[in-house]
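Undergrad: One letter stands for each residue in the lines below.
2 protein chains.
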Amino acid sequence: MSSVPPSLCPPIRTLMGPGPSDIHPQVLEAMSRSTVGHLDPFYLEIMDQLQQMLRDLFQTSNAMTFAVSATGSAGMEATIVNLVEPGDKVLVCVNGVFGMRMTDVAGRAGAEVVTIERPWGEVFTAEEVQQAVEKHQPKFIGIVMAETSTGASQPIEEISKTVHDAGALLIVDAVTSLGGMPVEVDRWNIDAIYSGSQKCLSCPPGLSPVSFSHRAVDVILNRRTKVQSWYLDLTMLANYWGSDRVYHHTAPINMSYGLHEAVRLILAEGLENCFARHRQNHLALKVGLAAIDIHYAAQEGHQLPMLNAVRVPTGVDDAAVRSTLLNRFGIEIGAGLGAFKGKVWRIGLMGYGARPENVLLFLSALEQLLGEQGYSFEAGASIAAANAVYSS
Amino acid sequence: MSSVPPSLCPPIRTLMGPGPSDIHPQVLEAMSRSTVGHLDPFYLEIMDQLQQMLRDLFQTSNAMTFAVSATGSAGMEATIVNLVEPGDKVLVCVNGVFGMRMTDVAGRAGAEVVTIERPWGEVFTAEEVQQAVEKHQPKFIGIVMAETSTGASQPIEEISKTVHDAGALLIVDAVTSLGGMPVEVDRWNIDAIYSGSQKCLSCPPGLSPVSFSHRAVDVILNRRTKVQSWYLDLTMLANYWGSDRVYHHTAPINMSYGLHEAVRLILAEGLENCFARHRQNHLALKVGLAAIDIHYAAQEGHQLPMLNAVRVPTGVDDAAVRSTLLNRFGIEIGAGLGAFKGKVWRIGLMGYGARPENVLLFLSALEQLLGEQGYSFEAGASIAAANAVYSS
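Heads up: the sequence lines are chains A and B, in that order.
Going by numbering that gives the first Met the number 0, the first sequence opens with residue 0, and the numbers climb by one from there.
Going by numbering that gives the first Met the number 0, the second sequence opens with residue 0, and the numbers climb by one from there.
Wrong hints could be hidden among the right ones.
Copies of the same chain look alike in the list, so a pair counts if it works inside one copy or between any two.
[Unchecked claim] Heads up, simulated BS3-like pairs for lysine-lysine below, C-alpha to C-alpha not over 27 angstroms straight-line:
#, residue 1, residue 2
1, Lys88, Lys160
2, Lys138, Lys340
3, Lys88, Lys225
4, Lys138, Lys88
5, Lys160, Lys342
6, Lys88, Lys342
7, Lys88, Lys340
The hints are simulated quantities; they were obtained by calculation from the structure and are not laboratory data.
Excised from the complex, chain A in its bound form:
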């Protein structure tokens, strides 16, 4: 038996990485409210409210809309293992880590996976997807809307038309996009979509909102084989979230409290206001960084507002800047992954973290560290440029 550690005492961080994002204080507080049972009438009402709020957030009337009881990657897995049966052909569009993850998950579900690829930071055109769909005739097309590894923003609407014209179904990864930019499930005809609680929803990680169109539900209801995952079996989950309230697993009550409060705050702010806030803070960060000659890794015109992947300037020590930001200021930003390892910083402006306070603090602190590293720039220029955006 080892000695028992003291109660944990977390440092206060400003979370500007790829997620978890800064959590709204009301969300943290909501998570500590009194736990009730998973079949308590109060909790069932909270589930109903949460479902309806998630529909509003996804801009959908899909009945099968709820939160999977695990993180965003489990939402990806739930989506794929419920739709895909062994031998089904799945086309995955890969331009970063999360497209690669989707191919791995689909392969484990027994899919015949084909991929199309774009260099990291670029996005797919509808024509590219159309050609691949015509060539491979897949049953499903999977695509990441906001590639967290590259900061690239993938247009969905036109691709959706292409996919449906070919009689296929569209699976969209909205882990990083939901709550920070328009995600219009019904208008864009998305068949299956999953997200995570810890990005633009500003709730701690642990839940994955999902939604399925009636076409996707038909596919699920007409499977020839049992879903390989019991925990993620959507028809069983739907019986718990639906009016039957059939016990499946014990829902993570206090995580649901947090998500309820988080989505509530977004809807109370208004989706359009929330998206505009993300855009404004992204713009301030972008012109601020440009003023000190730091530039985005993702294709111009396709840069995410909530995940700013920027190239580490030549001669600057990537790891030293990140660790000093953390140790001196408590600011977390993300390192590059995969092809971008050591080459980019990933700066999150997600949900509650998409605030002028975070942008100005980050730019000020970054100028301090870049100056110490001997990087040449006009001192104060990033702040002046960012402030001009806020004051315009």
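Assemble the complex: chain A is given as a structure, and chain B must be docked to it using the hints.
TA: Quick look at chain B alone, frame taken from chain A:
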């Protein structure tokens, strides 16, 4: 767009059902502490501490000991899908809902599942298991230590010897037992074990502690096929929990805070003290109920301290008692499941809920309701009997 609901305001419950249990106030408070990143040096240290505390709780030195980022049922699934490959023979001992669930999960993993059964409320002898092992020659034997649906306590140690003599591996469901009674992974030679945060650990649901022996790890490392679940792939999870810290999914930070505090409180109390507390409160409840002629559903000598399944007295309205307990006193107890539906109440005395306050409140309230239902008993007898236990 619907109207936005107000911030949730949970009623205060006394959770005496099959879980979630009453949460210790310090655990709820810990969950609301400041979120840090999942690769923050502080969080990595908390993970190390949590791993070591879970080893102490499981009474094991198993390196592969950590918490799966989802509820107890996902721990069951993680255990099975990582060990079992398609075609492997798995013998499951079924005497309640959770044994049945294990057969379902193993079947979905492609196992050839064989079962032995006992009536609900009874347990298996080592001889029965031995005969089945000799007959079927399974690679794995799965058994539930504390059947939450029946309140039956399954002895493990002797069965473990039988299983290993036959060269098989033993999988144990400790969702309800861990933290409330001895679970000695090393001494009993358990190969794979999983639990849940929301029973005797008195943390909200959302995490599943697991532990694997070196024999189980060898099986996992020598698989011929990829694990069907990406989210629950233990070798990937071990690379995140281990010294490599390879990013897998975004860990549920604040849930981990809660579990850290919950396990810390148990170890600070001392395992033996904690188990003795569970036994004493169970005994007080049991003699209290006996004094008003209410009796246990599980086999005498094999009754769990933390989950007391008792027969609903003849003539008493099961559902009315449960809903009145909830509405008048805020007390939640569990209904019967499956074969026990409408026939038993399941009264949890788990973790922080295993307190004289809960026992006395429950017995007092129950007497009130039974009296109103015209059930004949000596008024006050249950409290007198329970108090005698506490005062002895």
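Undergrad: If a hint holds in the structure, say so; if it does not, say that too.
TA: Structure-based check of each hint:
1. Lys88 <-> Lys160: within (19 angstroms within a copy, 47 angstroms between copies)
2. Lys138 <-> Lys340: neither (34 angstroms within a copy, 43 angstroms between copies)
3. Lys88 <-> Lys225: Both: 18 angstroms inside a chain and 19 angstroms across chains, each within 27 angstroms.
4. Lys138 <-> Lys88: This pair counts as within: shortest intra-copy Cα distance 6 angstroms, inter-copy 33 angstroms.
5. Lys160 <-> Lys342: neither (35 angstroms within a copy, 55 angstroms between copies)
6. Lys88 <-> Lys342: Answer is neither; intra-copy 35 angstroms and inter-copy 49 angstroms both fail.
7. Lys88 <-> Lys340: So Lys88 and Lys340 fail the 27 angstroms test inside a copy (31 angstroms) and across (44 angstroms) alike.
Violated hints, in rising order: 2, 5, 6, 7; the structure is consistent with all others.
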